[in-house]
Amino acid sequence: MSAYVLSIVSLVGINIILALGLHLISGLCGQVSLGHAAFYGVGAYTTALLAKAGYPIGLTLPAAMAAAAVAGFVVGLCSLRVREDFLAIATMAAGFIFLGVVKQNEALGGEIGISGIAMPSFGRDGFVALELGVTVLVILFCLHVRRSWLGFGFSAVADDDVAAQMVGVDNRAYKLTAFCIGTALAGLAGGFLAYYLRGVSPDAFGFTASISVLCMVVLGGMQSIAGCIIATTILTLMPEVLRFADNYKLLIFGALLFLTMRFLPDGLGGLFALARRKEAGPS
Amino acid sequence: MVSIKRRLLFIAAAIFASHALPAAAQDKTPVKIGFHAGLTGPAAADGLSAEIAVKLAVEEANKAGGINGRPIELVVYDDQGKPDQAVPVANKLIGDKVVAVISAGFSAPTKAAAPVFQEAHIPYVVAIALQPDITKSGDYVFRVGSMGEVEGRAGAKLIGDVLKAKSIVLLTIKTDFGKTVAAGLKGAADKFSFKVVKEYEYSPGDRQFGPMIASIKEDKPDLIYASGFYFTGGPLLSQIRAAGINVPFVGAQSYSSSKFIEIAGAASDGAIITNVIDWSGKTPQEKAFFEAFEKKAGFRPEAAGSQAYASAEVLIAGLRAAKSIDSVAIRTALAATKMHTVVGDLSFNSLHEVQRSFPVSIVKDGKWQSHGVIEDPVLLAPPTQ
Amino acid sequence: MLHVENLVCRYGKIEAVSGISLDVGEGQIVALVGANGAGKSSTIQSIAGHVLGAEGRITLAGEDITALPPRERVRKGVAIAPEGRRLFRDLTVHENLSMGGFCRPREREAANLKRVLDLFPRLAERIHSRAENLSGGEQQMVTIGRAMMSEPRLLLIDELSLGLMPKNVDLCYEAILRLKREGLSILVVEQNTTKALQVADHAYVLSSGRLIWKGTAAEARDDPSVIQAYIGSSAH
Amino acid sequence: MKLIWELALQGLLNGCIYALIAVGLVMVYGLLRVLHIAHAGLFTLGAYVSLVVTNATGSLALALACSVITVGLSGIAIYRFCYEPILSRPPYVVLIVSIGLFIMMEEIFRIVFGPYGLSYLKPPLQERFTILGTGITAAELSVVLITIVLFATLDAFNRFTRIGIASRATVSDPQMASSFGVDIRLIRDMTFFIGSAFAAVAGTMVGVLNNLVEPTMGSVPSYKALAIIVLGGMGSIRGALASALFLGLIEAFGTTYLGTLLDRDAIAFTVLLVVLMLRPAGLTGKKT
Numbered sequence: 001m002s003a004y005v006l007s008i009v010s011l012v013g014i015n016i017i018l019a020l021g022l023h024l025i026s027g028l029c030g031q032v033s034l035g036h037a038a039f040y041g042v043g044a045y046t047t048a049l050l051a052k053a054g055y056p057i058g059l060t061l062p063a064a065m066a067a068a069a070v071a072g073f074v075v076g077l078c079s080l081r082v083r084e085d086f087l088a089i090a091t092m093a094a095g096f097i098f099l100g101v102v103k104q105n106e107a108l109g110g111e112i113g114i115s116g117i118a119m120p121s122f123g124r125d126g127f128v129a130l131e132l133g134v135t136v137l138v139i140l141f142c143l144h145v146r147r148s149w150l151g152f153g154f155s156a157v158a159d160d161d162v163a164a165q166m167v168g169v170d171n172r173a174y175k176l177t178a179f180c181i182g183t184a185l186a187g188l189a190g191g192f193l194a195y196y197l198r199g200v201s202p203d204a205f206g207f208t209a210s211i212s213v214l215c216m217v218v219l220g221g222m223q224s225i226a227g228c229i230i231a232t233t234i235l236t237l238m239p240e241v242l243r244f245a246d247n248y249k250l251l252i253f254g255a256l257l258f259l260t261m262r263f264l265p266d267g268l269g270g271l272f273a274l275a276r277r278k279e280a281g282p283s
Numbered sequence: 001m002v003s004i005k006r007r008l009l010f011i012a013a014a015i016f017a018s019h020a021l022p023a024a025a026q027d028k029t030p031v032k033i034g035f036h037a038g039l040t041g042p043a044a045a046d047g048l049s050a051e052i053a054v055k056l057a058v059e060e061a062n063k064a065g066g067i068n069g070r071p072i073e074l075v076v077y078d079d080q081g082k083p084d085q086a087v088p089v090a091n092k093l094i095g096d097k098v099v100a101v102i103s104a105g106f107s108a109p110t111k112a113a114a115p116v117f118q119e120a121h122i123p124y125v126v127a128i129a130l131q132p133d134i135t136k137s138g139d140y141v142f143r144v145g146s147m148g149e150v151e152g153r154a155g156a157k158l159i160g161d162v163l164k165a166k167s168i169v170l171l172t173i174k175t176d177f178g179k180t181v182a183a184g185l186k187g188a189a190d191k192f193s194f195k196v197v198k199e200y201e202y203s204p205g206d207r208q209f210g211p212m213i214a215s216i217k218e219d220k221p222d223l224i225y226a227s228g229f230y231f232t233g234g235p236l237l238s239q240i241r242a243a244g245i246n247v248p249f250v251g252a253q254s255y256s257s258s259k260f261i262e263i264a265g266a267a268s269d270g271a272i273i274t275n276v277i278d279w280s281g282k283t284p285q286e287k288a289f290f291e292a293f294e295k296k297a298g299f300r301p302e303a304a305g306s307q308a309y310a311s312a313e314v315l316i317a318g319l320r321a322a323k324s325i326d327s328v329a330i331r332t333a334l335a336a337t338k339m340h341t342v343v344g345d346l347s348f349n350s351l352h353e354v355q356r357s358f359p360v361s362i363v364k365d366g367k368w369q370s371h372g373v374i375e376d377p378v379l380l381a382p383p384t385q
Numbered sequence: 001m002l003h004v005e006n007l008v009c010r011y012g013k014i015e016a017v018s019g020i021s022l023d024v025g026e027g028q029i030v031a032l033v034g035a036n037g038a039g040k041s042s043t044i045q046s047i048a049g050h051v052l053g054a055e056g057r058i059t060l061a062g063e064d065i066t067a068l069p070p071r072e073r074v075r076k077g078v079a080i081a082p083e084g085r086r087l088f089r090d091l092t093v094h095e096n097l098s099m100g101g102f103c104r105p106r107e108r109e110a111a112n113l114k115r116v117l118d119l120f121p122r123l124a125e126r127i128h129s130r131a132e133n134l135s136g137g138e139q140q141m142v143t144i145g146r147a148m149m150s151e152p153r154l155l156l157i158d159e160l161s162l163g164l165m166p167k168n169v170d171l172c173y174e175a176i177l178r179l180k181r182e183g184l185s186i187l188v189v190e191q192n193t194t195k196a197l198q199v200a201d202h203a204y205v206l207s208s209g210r211l212i213w214k215g216t217a218a219e220a221r222d223d224p225s226v227i228q229a230y231i232g233s234s235a236h
Numbered sequence: 001m002k003l004i005w006e007l008a009l010q011g012l013l014n015g016c017i018y019a020l021i022a023v024g025l026v027m028v029y030g031l032l033r034v035l036h037i038a039h040a041g042l043f044t045l046g047a048y049v050s051l052v053v054t055n056a057t058g059s060l061a062l063a064l065a066c067s068v069i070t071v072g073l074s075g076i077a078i079y080r081f082c083y084e085p086i087l088s089r090p091p092y093v094v095l096i097v098s099i100g101l102f103i104m105m106e107e108i109f110r111i112v113f114g115p116y117g118l119s120y121l122k123p124p125l126q127e128r129f130t131i132l133g134t135g136i137t138a139a140e141l142s143v144v145l146i147t148i149v150l151f152a153t154l155d156a157f158n159r160f161t162r163i164g165i166a167s168r169a170t171v172s173d174p175q176m177a178s179s180f181g182v183d184i185r186l187i188r189d190m191t192f193f194i195g196s197a198f199a200a201v202a203g204t205m206v207g208v209l210n211n212l213v214e215p216t217m218g219s220v221p222s223y224k225a226l227a228i229i230v231l232g233g234m235g236s237i238r239g240a241l242a243s244a245l246f247l248g249l250i251e252a253f254g255t256t257y258l259g260t261l262l263d264r265d266a267i268a269f270t271v272l273l274v275v276l277m278l279r280p281a282g283l284t285g286k287k288t
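Protein chains in written order, with the working numbering: chain A, 1 to 283; chain B, 1 to 385; chain C, 1 to 236; chain D, 1 to 288.
Simulated from the structure, these hints should not be mistaken for lab results. In this text, a Cβ means the ideal position worked out from N, Cα and C, and glycines have one as well. Keep in mind that the hints are not guaranteed to be accurate.
As the list claims (entries may be wrong) - Pairs of lysine to aspartate or glutamate residues, derived as EDC-like cross-links and limited to a Cα-Cα distance of at most 16 Å, are as follows:
(1) K296(B) / D139(B)
(2) K52(A) / D269(B)
(3) K214(C) / D201(C)
(4) K114(C) / E132(C)
(5) K2(D) / D219(B)
(6) K2(D) / D133(B)
(7) K76(C) / D90(C)
(8) K166(B) / E199(B)
(9) K364(B) / E218(B)
Claimed, not checked - Partial list, computed: chain D residues near chain C (C-beta under 8 Å):
(10) A56
(11) T57
(12) A65
(13) R168
(14) S172
(15) P174
(16) S178
(17) V182
(18) R185
(19) L186
(20) D189
(21) M190
(22) F193
(23) A242
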C-alpha cells in the first residue's frame, strides 16, 4: 500500500473511533451532542503534551481516554439538567469553552498549538497497524455494548427517558455511562490524531468538527453501527474522491448531506433495514 | 527501510545523471512541482490568490525554458484549510513523484504536512504559513513568508523610529500570526522606546469592534497597531475613525489586499503597514508581476499572492541551480538561495527561515503606495532555533 | 342534531372504539360515561375530527361530516372543549376566546364575547391574564367559552369535571344548563357519573370500546344498579 | 463611567443585530422545534442582494425591499421543500438537512460572488452624529431604530391582529389552533417569511456597517443565534430580544474586562451554560 492510501486509511480509522463514540452517546443513548470535537481535542492535547514530555504511546493513549472520559463525565453531569435541543446547545457551549480555554492557555500552545510529536518507535507502518487494530477492537466493543444489558438500557433511555425511569432504569447513570464511554473513544481518536498530524492546533476541534462527526453518525442512521462506519468512511473519503470536482467539492458535500437526509431520513442504516425487510418480505 | 532504499536509488540516479549529462540535456519529461493550499472553505481567498500566482510563475518559467529544458508541471491539491486533509494531500503529492512542493496553505495544514515531506526528503517551500514550529520539522522545509516575530520587530522599528510614537495600543488577532507578531513587537518595544499601554485581543470572526474601540478611547494612545486581515482590518479601521480616533493606524502585510482599502474607504487613508512587496513596483520584475497577475486574476496581488509567487521563483531558481532532481541537491541549492524576488532580496538562515527586509506601504489616494523600507539585518534576523 | 353510526377508532392494532352509535337530539344534553379507557375520549374526539382514520358515519343535522377536517366541522357548528383543556398557554383569556371565533366573521366577535362573559362573569376580571396563570376552574371556563365563541350548534365537552374543585364543577354545569336552555345541543364525557346524570337528558355507557347501555338519564339515575353494574364503584 | 456607558451602548448595538438575526430562528423554533441553521445562510443572502442592488441602482431603500422579498420568499421555499416533508422525523434529521443546506448556500455564495467579499461602491449611511456625548454613525443609529421599529411592529402584529394571535396560538398548540380554523401552513409560510425578512434586514445592516459582505459571514451567527434561542427560552420573541441584548452586553463587557481569560465566544457560551444550569428552560423560560 502506498503512503497515500495508508494515510487515508488511518484517517478513516480515526474517524470511525470518533464517530462510534458519538454513536454511543447520540445514537444509542439518544443524547444529541454538538460538542463531541471538544473531547476529541482533550484526547489530542493530552496525548500531545505527554508525547512531547517523552512518554510512550502505550501510556499516552490510555491517558487521553481517561482525560476525555473525565471531561465527558463533567459535561455529562451538567447535561443531566437539560434535555433534547437544550442538551445539544449545552454541549455546543462546552465545545466553545474548551476551545476558548485552549486558545488562551500558553501552556497548551495557545493559538500556535503543539507540534513536533515523534512517530512512535515502531514507525509509521506499525502505527497504522496499531491504529487499525484498535479500530477493529472498538467496533467489536460497540457491537458488544449494543447487545449487552448496557445497550438495552441506553436504548430505553433513548426511546423515552421518563418511561425508562419509571420501569426502573436509572437514566442518570446510563446517560453518564454513555457520555463517559463515548467521550473516552473520542479521546482515543484524538490521541491517534495527535500522532497522525504530529501535532495539534485548536481549530481542528471546533464547532465545524463537532458538526461533521454528528453528520457521520446521523448519515449512518442513528441506530446502526454498520451505517455509522460506512457513513464515516464515505464522508472521510469524500474529499479524496471529489478531488476532480475541486471548486465544487464542498458544495457537493453539502448537497449530499442535504439530499440524503431529506430523502433518506433514516440514514444508511435505514437503507439496510429496508433492504432486509424486502429480502424477508415474501416469507 | 523505504527511505534508505529511496536514498540509494537517488544516489544511483545522481551518479547516473552525472555520468550521462549530455543525455540528460535531452530529457524532456516534465519536472513535477506540488502545490497545496486551502482552495475551498475559509482559507479560499488566500489560497486562490496564491494558486494564480504560482501558476503564473510556472507559466513564465516554462516560457523561459523550464528547468534546464524540462517543462514544469504543477500538481495542485486543495487542503481545505484542514490539517487532517493535509496529511493525505502530502502523501498523494509524494505518490505523484513531485520533486518539491510549495505550500500556500495556512498554518495548521502546513504544520501537519511538513513532517511528511521532511521524512520523504522532499523540499517544501512554505509561502504564507507562519506557525513558528513549521521549519523545525527538518532541513527540507523552507519558509519564504517572514515569521510573525520578525514582522513584529519590523513593526516596532516602524513605530518607534519612523513614526516616533511613544505610547501605543496593540490589537492582536487571535491566530498564531497575530500572537507571534504581538510577541515580536512587544519584545522590541523597549529598544524603540515606546510603551504598549494596552493589548486587546479579538477573533478572526469579529467584524464589530465597538466595545474595544470605546475602551481604546480611554487609553488615549499616540498610535494603534493592529494585526489582522483585510476582512477584519477594513471594518476595524473604519469603526476606529468613525469613533473619532484619529491617531496613526499601523498593521502588517496581511492588510495588503486592495480589498482593505475598498472596505475601509476614506478611513483607510494614511494606514501604514510593513509589507512584503514594494507597491511602487520600481523594478521591471515587480512591474511585470503586477501586470501579469492583475491580468490573470482581475485584482492586484496581495501578500499571499506575492509570497506564493516569490516561493515559486525561489524554488524554480533552486531547481535550475541544482541541475538535477535529486532532493539533496535541490535542498542544498535552496539553502544557498540569495536572490532578488518580487518580495525583495532574500536568503535563508540555518533554520531555513527567510531573511529579508520589509517595504513599508501607506494608503494614499485610495491606493497602497511605497513609504520607505525597514532594513535592519540584525533586527530582522529570524530565529535560528 | 348529531347522529353517529358504527364508529370505529384504531390506534395501530388496538381498537379503542368498536362500532358505537349514538344520537344527540336538538337542545339535549347527552352524557357519555364509562370507566377509564372505555373509549369515551376517542369517541368525542372522533366527532370533533381529531382522530385520524376513524371509521363510521357522523352526521350533523342530517349533513354528513365524516370526511371533514376539524376546522370544517367547527365551521359547520361542532365545537369541542377538549380533555386537559388545551388552552393556548401563552395567550391571554381574551386572545384565547378570540381564537375560538377565528372561523367566524370578526364583526360578530364582540357580541359572542359578551355572551361568554355573561355566562362566566369571572372571566371578565381575568380577561388580560395569560391562560397558564389561571386556576383550573377558570381554565375550564375559558375552554368552554372558547368553544362557544365559534357559535356552535353542538358543544362537545371532554372530562368536564376532571381536576376541578366541586364549586367550579357546579359553576360549569350551571353554565351548561343555561346553554341548553338557549337551545344548544351538548355531548358531555364524564367520569363523574352522578354529576353528569343530574343534568343530562340521555346517557350512554361505554366499556372497552363498546356501547353497553343506553337510555334516559332519569332511568340511570333511578336505577343506580345499572351504572354500578357496568362501571363499578369507581362511579361516584 | 463614560467607558461603561459606551460599552453598554456598543453592547446593545451588537445585541440589536443579534436580535434581528435570531428572531427568525426563534420564531421557527417556536413553531416547528427545528434548529434552522440555514437561517444564517439567508442572512448572508440578504446582505448580498442588498449590496448587489445598491451597487447597481444606488438606492439602499430599493435594495432593502428587494432583499426582504427575495429572502422572505427563499425562507418559504426552504420550509416547503426542505423541512415540511420531514417534520415528523426526529429533530436531528432536520438539523442535519439544515446544516447541509447552510454549507451549500455558503459555497454557492463563494462560487457566485467569489471568496474575497464585496463592498459597497459608495458606502451608504456614513454620516456621523453625536448623541448624549457619544459619536455614532448613521448606520449604527439605523440599526437601533430599525430594531426598535421592527420589534414593536412585530409585537403589535402578534398581539392585535387576528392572524398574529393565530400564529401565537399555533406555537402554543398547533392542533387546537388548526381545529379552530387556523390554516397552519399559511402560518408557517408567514413565519418563515417574516423571520427571513428580519434576517435580510440584519444582513443588509451588517453589510453596511462593515462595508463588507462575505460568503462566510453567516458562520458566527449560525451558532450564536442558537444560544439566543436557549437563553430566550424557546420561541418567545420578547425573550429573544431580551436575550440578544443581554448577549450583546455580556460580550461587550466580557471582552473588555475578561478578554485575556477567554475569547468572545467562550465568554458568551460560559454565560449560556451557567444560565442553563441555573434555569434549565432558559432565562425567560418557565421552570420545569
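Quick rundown of the hints versus the structure:
Among the hinted pairs, K296(B) with D139(B) is inconsistent with the structure: their alpha-carbon atoms are about 34 Å apart, more than 16 Å. Distance restraint check for K52(A) and D269(B): the Cα-Cα separation of roughly 47 Å exceeds the 16 Å cut-off, and the hinted pair is therefore not satisfied. Between the alpha carbons of K214(C) and D201(C) the distance comes to roughly 11 Å, so the proposed pair stays at or under 16 Å and holds. Distance restraint check for K114(C) and E132(C): the Cα-Cα separation of roughly 22 Å exceeds the 16 Å cut-off, and the hinted pair is therefore not satisfied.
Distance hint between K2(D) and D219(B) is fulfilled; the C-alpha atoms sit about 12 Å from each other, no more than 16 Å. Taking the CA atoms of K2(D) and D133(B), the gap is about 44 Å. The hint is violated against a cut of 16 Å. Under the criterion of a C-alpha separation no larger than 16 Å, the hint pairing K76(C) with D90(C) is inconsistent with the structure, at around 28 Å. Restraint check for K166(B) and E199(B): the C-alpha separation of about 15 Å stays at or below 16 Å, so the hint holds.
Straight-line distance between C-alpha atoms of K364(B) and E218(B) comes to about 28 Å, which puts the hinted pair past the 16 Å bound. Checking A56(D) against chain C by beta carbon gives a least distance of about 43 Å; that is not within 8 Å, so the hint is violated. Using the Cβ-Cβ criterion of 8 Å, the hint placing T57(D) at the interface with chain C is not satisfied: the shortest such distance is roughly 41 Å. Taking 8 Å as the C-beta cut-off, the interface hint given for A65(D) is violated, the closest approach to chain C being about 30 Å.
The interface hint given for R168(D) holds, since its Cβ lies 6 Å from the closest Cβ of chain C, which is under the 8 Å cut-off. Hint status for S172(D): holds, given a least beta-carbon distance of 4 Å to chain C, under 8 Å. Interface hint at P174(D): violated, since its Cβ lies 10 Å from the closest Cβ of chain C, which is beyond the 8 Å cut-off. Given the 8 Å rule on beta carbons, the hint for S178(D) holds: about 6 Å separates it from the nearest Cβ of chain C.
The beta carbon of V182(D) comes within 6 Å of a beta carbon in chain C, closer than 8 Å, and the hint placing it at the interface holds. Checking R185(D) against chain C: minimum C-beta separation of about 12 Å lies over 8 Å; hint violated. For the restraint placing L186(D) at the interface with chain C, the shortest Cβ-Cβ distance is roughly 12 Å, beyond the 8 Å limit, so the hint is violated. A hinted interface residue such as D189(D) counts as satisfied when its beta carbon comes closer than 8 Å to some beta carbon of chain C; here the least separation is about 17 Å, so the hint is violated.
Taken as an interface hint, M190(D) does not check out: its beta carbon lies about 15 Å from the nearest beta carbon of chain C, beyond 8 Å. For F193(D), the shortest C-beta to C-beta distance to chain C is roughly 20 Å, which exceeds 8 Å, and the interface hint is violated. Hint status for A242(D) relative to chain C: violated, with the closest Cβ pair at about 15 Å, above 8 Å.
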